[in-house]
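Q: Sequence:
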Amino acid sequence: MPRKKVTEVSGNGGMKRKRGGGRKKDQDFSSDDEFDDFEQENTKKPGKPASKAGLQPVTVADDVKEKIVSVSGTRGAGQLAFWSRRFHNAPLGFFFLFFPQKLELPKVKGQLLIFGATNWDLIGRKEVPKQQAAYRNLGQNLWGPHRYGCLSDVQVSCVVSGPCAAHSLIITTEGKLWSWGRNEKGQLGHGDTKRLEAPKLVEALVEEVVVSAACGRNHTLALTENGTVYSFGENKLGQLGQGNQTDAVLSPATIQYNGQPLVKVSCGAEFSMVVDCKGNLYSFGCPEYGQLGHNSDGKFIARAQRIEFDCELIPRRVAIFIERTKDGQVLPVPNVVARDVACGANHTLVLDSQKRVFSWGFGGYGRLGHTEQKDEMVPRLVKLFDFPGRGASQIYCGYQCSFAVSEMGGLFFWGVTNTSRESTMYPKAVQDLCGWKIRSLACGKSSIIIAADDSTISWGPSPTFGELVGCPIFVRSITVFVFVVPHLIFTLKVNRSNGFMSQQINVVLQLGSLLTNTPYLCLFK
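Numbering (this note's numbering), first residue to last: 597 to 1121.
Calculated directly from the structure, the hints in this document are not laboratory data. A hint or two may mislead.
[To be verified] Calculated cross-link-like contacts (lysine-lysine; reagent style DSSO-like; alpha-carbon spacing at most 30 Å):
hint : residue 1 : residue 2
1    : 772       : 790
2    : 796       : 832
3    : 951       : 922
4    : 951       : 698
[To be verified] Cβ-Cβ distance ranges computed for the label pairs, FRET-style:
hint : residue 1 : residue 2 : range
5    : 736       : 796       : 15 to 21 Å
6    : 933       : 802       : 30 to 36 Å
7    : 1014      : 796       : 32 to 38 Å
Using N, Cα and C, we set each Cβ at its ideal position, and we do this for glycine too.
Based on the sequences and whatever the hints tell you, model everything.
A: Right, dumping it as structure tokens:
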């Protein structure tokens, strides 16, 4: 790929579920004495957790008529969506500052484009469930960008999905939440379990101004401008934070939390994370693999040959952050103020005010970045980003991998996107993107898409289903890179020997024409 010039509220409940697979061997966390002493001293009832979402400006080139401002992707076959905007010198993204004011939406607007798999009940599965048989043949693979006809007059400010999810959300410039996709547990928030092929306004939140949201496997969190979080969808493991365990909550309800306003939300497969305006981190849901960060995986033997989990039913503060020395000594890390949080299927990353990155949860395939596959029960410092000038500015999680953008602009990756390949056990720079300014990134189960400078870049192992924006299906031995620049679309292929071959697509596309003049299929007018 051509390079650019480098210029405490707590509560517990029992989970009735057999332990799933995913690890060949169980590993139990054992703490040494000094860690136990530190835990006792620092596990206190949380102070009442107030802030405003500040925004980071991004300059747009004058000759670019329209560009991609954010991307989002989901699980399995991995449909990827992004939205574009016409020329606006407007700030992008969230950074939370300590002001006692209401949260704000990013001051951008555009139209939603979607491509990839849209058979929501089949995504990430081999077969459609029997109860969803009526939808077996609904949905298709979209091999190019498409627009929804029902959104022709809707200005989109934010698009949301997740690496574990098969449903999607958009937030309009007016702070209204729309949802569509899989809905077996009511995760769309419409009061039913009917699958939706096109976006629909969540009527229960029409009186609220939603500024952010997050999607788990079968549940959803929505954050309002006042710092209140609504949750809906599956709640068998307490992942909705409503103080109980139920099969499903079909309509939005507030989480059971009475602290200071919340400013960030993120969802794993069956757990949730929230951050308050003072930088305190809270977690709730399934504690398997230690993914809640409370120094326990919560498992206990309920009866013969049955393991259950002690779930957190309401938000509980994550009080302990550590680092490990080379000889295994555990040292506490004080004064951690969380600024951002990102969740994979069973792991979490946190970015703090000192630009340090912490990770914990399931350690398989090196997704935690600690050079080992051991599960971490509490947040552990990722040492690469703990040096002057090497801090992180952005963090992202895929299904089994992690990303961070350094303060110098470099993109780092660890984990795996293809389990048949070698894992990356610690953060490594993505050299092919050296010099690109990363503005937004999304990762499904295997495919990745990035908005960088004025371009959109995507790659991932085959088979693909259109989520790479125009790539054909290649054999499994090839990884495909696609990037869109203001004038051309290229593909880069990585062969078995890791050599690169650049090939221009036969039809040369102007980006401005691609986004404004192409007669996209309008879905569900």
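Q: Please verify whether residue 951 and residue 922 have alpha carbons no more than 30 Å apart.
A: Since the Cα atoms of residue 951 and residue 922 sit roughly 22 Å apart, the hinted pair holds (cutoff 30 Å).
Q: For residue 772 and residue 790, compute the direct alpha-carbon distance and say whether it is at most 30 Å.
A: The hint holds at about 20 Å.
Q: Given the proposed pairing of residue 796 with residue 832, does the C-alpha separation stay at or below 30 Å?
A: 26 Å, holds
Q: Please work out if residue 951 and residue 698 have their alpha carbons no farther apart than 30 Å.
A: 24 Å, holds
Q: Between residue 736 and residue 796, is the Cβ distance one that fits in 15 to 21 Å?
A: The hinted range 15 to 21 Å holds for residue 736 and residue 796, with Cβ atoms some 20 Å apart.
Q: Against the range 30 to 36 Å, how does the distance between the Cβ atoms of residue 933 and residue 802 compare: consistent or not?
A: With Cβ atoms ~34 Å apart, the hint holds.
Q: With respect to the beta-carbon atoms only, verify the hint that residue 1014 and residue 796 lie 32 to 38 Å apart.
A: 35 Å, holds
In summary, the structure agrees with every hint in the numbered list given earlier.
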